[in-house]
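Q: Given next are the chains, with one letter for each unit.
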Amino acid sequence: MTDIPVLEVEGLTKRFGEHTAVDGVSLRLASGESLAVVGESGSGKTTTARMITGLESISSGTVTMGGRPLPGPRARTAERLAFARRIQMVFQDPYTSLDRHQRIGDGIAEVLARHAPLHGAELTRRRDELLDQVGLDRRQADSRPRHLSGGQRQRAAIARALAVEPELLVLDEAVAALDVSVQAQIVNLLAEIRGQRPISYLFITHDLGIVPHLCERVVVMREGRIVEAGPTAEVLTDPRDPYTRDLIDSVPRPGWKPRRRT
Amino acid sequence: MTSYQLASVVGRRARAARLRRLLRGKLVLVAAGAVVALVVLAAVFAPLIAPYDPNAVDPMAVSQGSSAAHWLGTDDTGRDIASRLLHGARPSLLAPLVVTVGAGLVGTALAVAAAWLGGWWDRAITAVLDVVFGFPGLVLAVVGAAVFGAGLKIAVLTLTIAYLPYVARVVRGSALKERNLPYVAALRMLGLGGGRIVLRHVVPNLLPLVLVQTATAFGYTLLDVAAFSFIGLGAQPPTAEWGLMVAQGAPGILAGAPQESLYAGLAIVVFVVACSLLGAGLSQRLTGGER
Ligand SMILES: Nc1ncnc2c1ncn2[C@@H]1O[C@H](COP(=O)(O)OP(=O)(O)O)[C@@H](O)[C@H]1O
Ligand SMILES: [Mg+2]
Numbered sequence: 001m002t003d004i005p006v007l008e009v010e011g012l013t014k015r016f017g018e019h020t021a022v023d024g025v026s027l028r029l030a031s032g033e034s035l036a037v038v039g040e041s042g043s044g045k046t047t048t049a050r051m052i053t054g055l056e057s058i059s060s061g062t063v064t065m066g067g068r069p070l071p072g073p074r075a076r077t078a079e080r081l082a083f084a085r086r087i088q089m090v091f092q093d094p095y096t097s098l099d100r101h102q103r104i105g106d107g108i109a110e111v112l113a114r115h116a117p118l119h120g121a122e123l124t125r126r127r128d129e130l131l132d133q134v135g136l137d138r139r140q141a142d143s144r145p146r147h148l149s150g151g152q153r154q155r156a157a158i159a160r161a162l163a164v165e166p167e168l169l170v171l172d173e174a175v176a177a178l179d180v181s182v183q184a185q186i187v188n189l190l191a192e193i194r195g196q197r198p199i200s201y202l203f204i205t206h207d208l209g210i211v212p213h214l215c216e217r218v219v220v221m222r223e224g225r226i227v228e229a230g231p232t233a234e235v236l237t238d239p240r241d242p243y244t245r246d247l248i249d250s251v252p253r254p255g256w257k258p259r260r261r262t
Numbered sequence: 001m002t003s004y005q006l007a008s009v010v011g012r013r014a015r016a017a018r019l020r021r022l023l024r025g026k027l028v029l030v031a032a033g034a035v036v037a038l039v040v041l042a043a044v045f046a047p048l049i050a051p052y053d054p055n056a057v058d059p060m061a062v063s064q065g066s067s068a069a070h071w072l073g074t075d076d077t078g079r080d081i082a083s084r085l086l087h088g089a090r091p092s093l094l095a096p097l098v099v100t101v102g103a104g105l106v107g108t109a110l111a112v113a114a115a116w117l118g119g120w121w122d123r124a125i126t127a128v129l130d131v132v133f134g135f136p137g138l139v140l141a142v143v144g145a146a147v148f149g150a151g152l153k154i155a156v157l158t159l160t161i162a163y164l165p166y167v168a169r170v171v172r173g174s175a176l177k178e179r180n181l182p183y184v185a186a187l188r189m190l191g192l193g194g195g196r197i198v199l200r201h202v203v204p205n206l207l208p209l210v211l212v213q214t215a216t217a218f219g220y221t222l223l224d225v226a227a228f229s230f231i232g233l234g235a236q237p238p239t240a241e242w243g244l245m246v247a248q249g250a251p252g253i254l255a256g257a258p259q260e261s262l263y264a265g266l267a268i269v270v271f272v273v274a275c276s277l278l279g280a281g282l283s284q285r286l287t288g289g290e291r
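Heads up: the sequence lines are chains A and B, in that order. Sequence positions in the first sequence follow the working numbering and run 1 to 262. Sequence positions in the second sequence follow the working numbering and run 1 to 291.
Extracted from the complex, chain A is given alone in its bound form:
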């Protein structure tokens, strides 16, 4: 592992007209490290992720990955492929993030063929390996997304992202749409994957409860700004910002009583 951070974000800002959705966000992710971004809905988490992944234009600030800037819209093919191997994303909605007419296995094979010099049996073997890693079998590989559950689709999306062996995986509320028990399975899967290969997560969530299982560090966003940052254990046990305390208090835990929030 090198000293060059996988991701370095400086003063990242996004304005939609008058409204500033992301306001001077700075992040740093060392190789293999995982960072959680928490904050309530509308705090600018998705917009931050979309700027980092090049899906949204940047108003001001910089994003560098492995010491290189984001490729522009006219970047050459080789540059775009190299960028793909730096960063991948798993989206919140597993129903729209897979092509609905493509079989799960074919989608993974398509990505493999694009990135690795694999053909025929070798490619199939690698595809099955990836499917196996995320807990999908042959039957599901031959299915179209509509015949899979939300959890299975999210596994497929993770396998597809892993096919390019990215250094950094951005997960934007990737388990928020799933049942609680399925959420736990996916979180376990992500922890398992991290144990097997060098990969960093930028784990975006509004649910602080999941964070300790996956991330060493956490930043808390509110109204587009980072209000608190630090090691997960520290932030969760001894939050300095009152907003973070509110977030922690809203996590369901044994003996937790629903509290009416305005």
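Think of the hints as simulated: they come from the structure by calculation, not from any bench. Any given hint could be a false lead.
Unchecked claim - To spell it out: a stretch of chain B is covered by chain A in this simulated footprint if at least three of its residues, at any positions, have a beta carbon under 8 Å from a beta carbon of chain A; those stretches are:
1. 179-185
2. 201-210
Claimed, not checked - Some chain A residues close to chain B (C-beta under 8 Å, calculated; not the full set):
3. L55
4. R80
5. L81
6. A84
7. Q88
8. M89
9. F91
10. T96
11. S97
12. L98
13. D99
14. R100
15. V111
16. H115
17. R160
18. V164
For glycine and all other residues, C-beta sits at the position ideal for the given N, C-alpha and C.
Given the coordinates of chain A, work out where chain B with the ligands should sit on it, guided by the hints.
A: Below, chain B with the ligands without anything else, positioned relative to chain A:
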């Protein structure tokens, strides 16, 4: 009203509604499909099943009613109407088929290009299509006929252009929605090229919509081709074509020999109704069932 009566009325209503739904669903679809298939088969095998040469005149059998020799009678030059209807199905179906397939292909290509490229391209393509949309097909046809001379080919070309915007408008809207779905962003991030994403992912997902659009439009384009032939801007005599047959049989209506116009008109109406029922049924199945 007693509760028994009420229950029986409610039951009857529910049964009627169920029957209507059933009729709307399977039965109508099958019947319409059968009519369309039958007409298409008739067009394909016309030379084999038509009892007479469609252009063979018979001065001895002019303007006859139905008989064993001429099932649907003869026209004013003694040509067999049944044979002319069968042969006439070929240009009558082929011309609108070319129109719908052409407008479907080009319209989809333009719409997807506009939606995918966005910005300046989108505005330019949309503007051109809006201008075409503003011209009634008939005006285009008259201009086309004035410049190149009246004929079925010119009618097909002008109708194709006239139908382009209809297809393109609907497809562009769906293509925009499709382009903004997360899977497209995901595929881009995975490093796939724009061409591949459009051709292998976006277009296949739009295909059911395009099919429904063109299937629905087919009946209308057939009507338009027939109308163009009727007013002299489409097929030219002595071609056997349904719209032209309606026009050529028109004098006979007053003379007490309506068979040519009548049967040609019936062929058009039955086929167009079957087409639009089939299109509506297919659209329910293809788009309603998926999401
Ligand atoms: N495309 C957009 N146009 C205008 N405003 C947007 C757009 N995307 C997001 N926003 C606004 O930016 C703010 C942050 O949104 P988002 O990044 O989605 O937050 P989060 O992911 O934390 O819920 C919200 O106020 C939202 O309404
Ligand atoms: Mg979000």
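Q: Look at each hint and say if it fits the structure.
A: These are the hints, each one checked on the structure:
no. : hint    : verdict
1   : 179-185 : holds (count 4)
2   : 201-210 : holds (count 3)
3   : L55     : holds, 5 Å
4   : R80     : holds, 6 Å
5   : L81     : holds, 4 Å
6   : A84     : holds, 4 Å
7   : Q88     : holds, 6 Å
8   : M89     : holds, 6 Å
9   : F91     : holds, 4 Å
10  : T96     : holds, 5 Å
11  : S97     : holds, 4 Å
12  : L98     : holds, 6 Å
13  : D99     : holds, 5 Å
14  : R100    : holds, 7 Å
15  : V111    : holds, 5 Å
16  : H115    : holds, 7 Å
17  : R160    : holds, 7 Å
18  : V164    : holds, 6 Å
When each numbered hint is compared with the structure, no violation occurs for any of them.
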